[in-house]
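Use these hints to put chain B onto chain S, whose structure you have.
For the record, the sequence lines run as chains S and B.
For the first sequence, the working numbering assigns the number 1 to the initial residue and increments by one for each residue that follows.
For the second sequence, the working numbering assigns the number 1 to the initial residue and increments by one for each residue that follows.
Possibly wrong hints are sitting among the right ones.
The calculated label-pair distances, taken between Cβ atoms and stated as ranges, are [unchecked claim]: (1) S:Asn412 to B:Lys411: 40 to 50 Å; (2) S:Arg318 to B:Gln165: 20 to 30 Å; (3) S:Asp383 to B:Lys65: 50 to 60 Å; (4) B:Gln165 to S:Lys393: 48 to 58 Å; (5) S:Thr160 to B:Lys411: 15 to 25 Å; (6) B:Glu107 to S:Cys48: 52 to 62 Å; (7) B:Ser386 to S:Cys48: 46 to 56 Å; (8) S:Glu389 to B:Lys393: 44 to 54 Å; (9) B:Leu208 to S:Glu123: 27 to 37 Å; (10) S:Ser386 to B:Leu208: 45 to 55 Å; (11) S:Lys393 to B:Thr267: 52 to 62 Å; (12) B:Thr267 to S:Thr160: 22 to 32 Å; (13) S:Ser386 to B:Lys411: 41 to 51 Å.
Output of the computed footprint for chain B on chain S, the stretches with three or more beta carbons under 8 Å from beta carbons of chain B [what the hints assert, rightly or not]: (14) 56-66; (15) 138-148; (16) 404-417.
These aren't lab readings, by the way, just hints derived from the structure by calculation.
Ideal Cβ positions, reconstructed from N, Cα and C, are used throughout, including at glycine.
2 protein chains.
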Amino acid sequence: MWGGWLFCLAWVGDFGRAQSIFAPLRLHEASRPDPSRLLGLHAYRTCCITQKIDHFGFAENRTFKQRYLLADQHWKKGVGSILFYTGNEGDISWFANNTGFMWNVAEELGAILVFAEHRYYGESLPFGNKSYTDAKHLNYLTSEQALADFAILIQHLKNTIPGAQNTPVIAIGGSYGGMLAAWFRMKYPHIVIGALAASAPIWQFDSLVPCGSFYKIVTEDFRKGGLGCSETIRNSWAAIKRIAGTEKGLQWLSHTFHLCSPLKTTTDVINFKELLREAWIYLAMVDYPYEAAFLQPLPAWPVKVICKYLKNPKLPDRLLLQNIFQAVNIYYNYTGKASCLNLTQTATKSLGLRGWSYQACTEMVMPMCSDGINDMFEPQKWDLHSYSEDCFKTWGVRPRPYWIPTIYGGKNISAHSNIIFSNGGLDPWSGGGVTKNITDTLVTIMIPEGAHHLDLRANNPSDPISVLQARLLEVHYMKLWLQKQKRVKKCPK
Amino acid sequence: MWGGWLFCLAWVGDFGRAQSIFAPLRLHEASRPDPSRLLGLHAYRTCCITQKIDHFGFAENRTFKQRYLLADQHWKKGVGSILFYTGNEGDISWFANNTGFMWNVAEELGAILVFAEHRYYGESLPFGNKSYTDAKHLNYLTSEQALADFAILIQHLKNTIPGAQNTPVIAIGGSYGGMLAAWFRMKYPHIVIGALAASAPIWQFDSLVPCGSFYKIVTEDFRKGGLGCSETIRNSWAAIKRIAGTEKGLQWLSHTFHLCSPLKTTTDVINFKELLREAWIYLAMVDYPYEAAFLQPLPAWPVKVICKYLKNPKLPDRLLLQNIFQAVNIYYNYTGKASCLNLTQTATKSLGLRGWSYQACTEMVMPMCSDGINDMFEPQKWDLHSYSEDCFKTWGVRPRPYWIPTIYGGKNISAHSNIIFSNGGLDPWSGGGVTKNITDTLVTIMIPEGAHHLDLRANNPSDPISVLQARLLEVHYMKLWLQKQKRVKKCPK
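So here's chain S without its partners, still in its complex pose:
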């Protein structure tokens, strides 16, 4: 079962190998919303709002239904707030159920929770099942349109929920949703009084940060995961190359890795290596301190668990790769239910991935590279030209890598205010994140033991102190904004 996706770009069939930034994130069935969680205190209503397909032009005047989830059982009318999740690239119910932080703080902040689905994802499809037909239909899949949807939705909520007219709104999001939260505050400060941007790599664009930082952090995670671990993975690529050179070797690989269909072509081998790379990247991203099923069901501290199999980088090829299989099997088959590993079951079947692939081919161009020295991956240069060619072949559009820094300010964002940028020290995306305070009101929170937006997840007994502190600080800042807002209302200038 394939579902929601999170930062799951550019890996579409053959294309984007060198550009493959985010391998597909596979949402396991176990992480789908459990109806029992939606009862009582965690209950929400599913609602819809009519939105213009194009906020920025007038020739296209048609509308579509945007889905959002609403939970107002904790709302304290008159004193409370609205916590607004700026939905990212996937089914919004998945985000609602993986953002326990908002549910945990709802009562303390007397908050209405709103989870807004991002257009072109989940059920919010501007042209129904034709939404992904071609570049013309995809033309309205941009961050700007998504932010405008959010603005219209908030105005609608304030106008229609009795007593909510003057309720202050705080934007919250993680990953791409975190970028949207930050950008929302930057562009619509009249609509949200502040934003919590968790694990939001708003600087992973153009040449704002070195393209190698992402893979370097992944590698560092595995280096810390156990002696020999990252080295073993680094050596595995050459081992695969040597073994995949013969037909017998291909057979051996297919058998050893329990592949559902045997490796035959060069493309198969590329896809196979992609599968491995995907596993390492996502293990680093979801290296949470407890058993979780965010992307796949995984044990606590999965990188450490996996590294137990990868202690000896000097083994002969076949022994080394057998260990790699043991390790990767934890990622793809922790439950032990899969009878084989499916290479072709790629993410292209997921609307979420397709949407992100398009976004990565237009605005969300995040240069990535590896050199095999500072990281454990095969060397891959950032090649905008071939990236652009691939985008044009796949979607009929060309990326504009300069655009995000132009419209959202790049590193020059100090004129804005009331944004918390939180980052996990283990999270590869922290390399493109804001990790140093910019002003008194553009603040950062580092969670050294945190993976990808751990702070947005529900409280857990295994949480490291750093994430508990982060959540306390986040609530502290939100309360500050709310208090300031109240003061402004009581004593207008």
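Just chain B, lined up with the frame of chain S:
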């Protein structure tokens, strides 16, 4: 000769009578750029930059040439600034030649002057002479696209003018250009350190201000212009109605007002009254203290001059209307060269007006109304429904009156900084402008004796003290921003 236009909406043929907000502004030949002014200290180069037709979508990847004017003879490399005129609805050379303020302060601020033409105006036509063909071609005529053009242009200038990389930029504009300057600072604070928004009615939208304020201020100007003046104009409408009721009366009107072609139909009479209304509105807007030819060649304090003919509101119809002719003749024929007054020579021939008409039918919906009691005009309610119908008939689009407050914040703009809102007390647009300080860095400057952005005009011996003070303050604030920018650079946090 018909040329540039300034706030010249919605009056297209029959349509928009009730909605006619801005009558066409007729740019007289005398106000066209005089080549001799462009020499020496006032010289500029005409340049072009390639811009994406659509910054906010990727299906349309074509480009067009945007024109801008560049004057760098006053630039002090290393310490100077860039003053950037955010071009509005007309030929940019006209604005360059009517914004003497920028030329006057260029040396003091060591500034490069840039005047950027607004897309779809002047020579900056995205689809050449097909730009106005239909709603599809007009789809990229929005304030957001114009701001994006400006952002791209500034980045281009900084990247290509040697030594300009770190030069701080200040946005300056008047009227709609003033709105663009303010909105530019709000949305792109990483690109401009501040903005001077002169006579920018950013609140003349939705129901942010009463729809009657505009005509009330026009009326007040004529009331102050001389005893009986506004009352005479108020009485003229009924007089016209009475006289236009007979064929003989129509002949008399046509003859008395020296019309080029005689009044015959009801539409003719409507157009005739429109011509009068247009004269009164623009006289109020350009009530400058010296002879000027901003829209039409006019004497100093033209409202006072005209009011000399309008002292007796109680005269019989024909005598009263003869006086009205004397008055309006000052506006349309101050030079005395016109042999007759042409009703059909409407502004629809001007690209500038057509563009503004489209903008007024999409984003720039500025509700206007008159009641004949608090103002001297015929009662006209604001009727969005018929406005929308007319827009659809004319352009195939429907207005979205909520959009400008949604995207630019309406009255809730206190999160922004470094914007000067200047307003003239005589200017009817001041009713929709920001006339009270919002924060320490969102400041207003009132010029009681000022008409429409008098402060942006060149120094003149007849300038009232209030406008001299305004210009001093404006330069003072700009220097503050520049100094702060320098401090930030020297001592980064």
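Cross-check of the supplied hints:
1. Taken as a hint, the range 40 to 50 Å is violated for the pair asparagine 412 (chain S) and lysine 411 (chain B), whose Cβ atoms sit roughly 27 Å apart.
2. Take arginine 318 (chain S) and glutamine 165 (chain B): their Cβ atoms lie about 56 Å apart, and the range 20 to 30 Å is violated.
3. Between aspartate 383 (chain S) and lysine 65 (chain B) the C-beta distance comes to about 30 Å, which lies outside the given range of 50 to 60 Å.
4. Between glutamine 165 (chain B) and lysine 393 (chain S) the CB atoms are about 36 Å apart, so this pair departs from the stated range of 48 to 58 Å.
5. The hint said 15 to 25 Å for the Cβ distance between threonine 160 (chain S) and lysine 411 (chain B), and at roughly 21 Å that hint holds.
6. The hinted window of 52 to 62 Å between glutamate 107 (chain B) and cysteine 48 (chain S) holds, with their beta carbons roughly 59 Å apart.
7. In this structure the hint that serine 386 (chain B) and cysteine 48 (chain S) lie 46 to 56 Å apart at CB is violated, the actual value being about 31 Å.
8. As the Cβ distance of glutamate 389 (chain S) to lysine 393 (chain B) is approximately 45 Å, the hint placing it in 44 to 54 Å holds.
9. Against the hinted window of 27 to 37 Å, the Cβ-Cβ separation of leucine 208 (chain B) and glutamate 123 (chain S) comes to about 35 Å, which satisfies the hint.
10. The supplied range of 45 to 55 Å is met by serine 386 (chain S) and leucine 208 (chain B), whose beta-carbon atoms lie about 50 Å from each other.
11. For lysine 393 (chain S) paired with threonine 267 (chain B), a C-beta distance near 57 Å keeps the hint of 52 to 62 Å intact.
12. Between threonine 267 (chain B) and threonine 160 (chain S), the C-beta spacing of about 43 Å breaks the proposed range 22 to 32 Å.
13. For the pair serine 386 (chain S) and lysine 411 (chain B), the supplied restraint of 41 to 51 Å holds, since their beta-carbon distance comes to about 50 Å.
14. Evaluation of the coverage hint for the region 56-66 of chain S: fulfilled, as 6 residues show C-beta separations to chain B shorter than 8 Å, against a requirement of three.
15. Taking a C-beta to C-beta cut-off of 8 Å, the region 138-148 of chain S contributes 7 residues in contact with chain B, enough for the three needed, and the coverage statement holds.
16. Residues of the region 404-417 of chain S lying with their CB closer than 8 Å to a CB of chain B number 10, which satisfies the three-residue condition for coverage.
Violated hints, in rising order: 1, 2, 3, 4, 7 and 12; the structure is consistent with all others.
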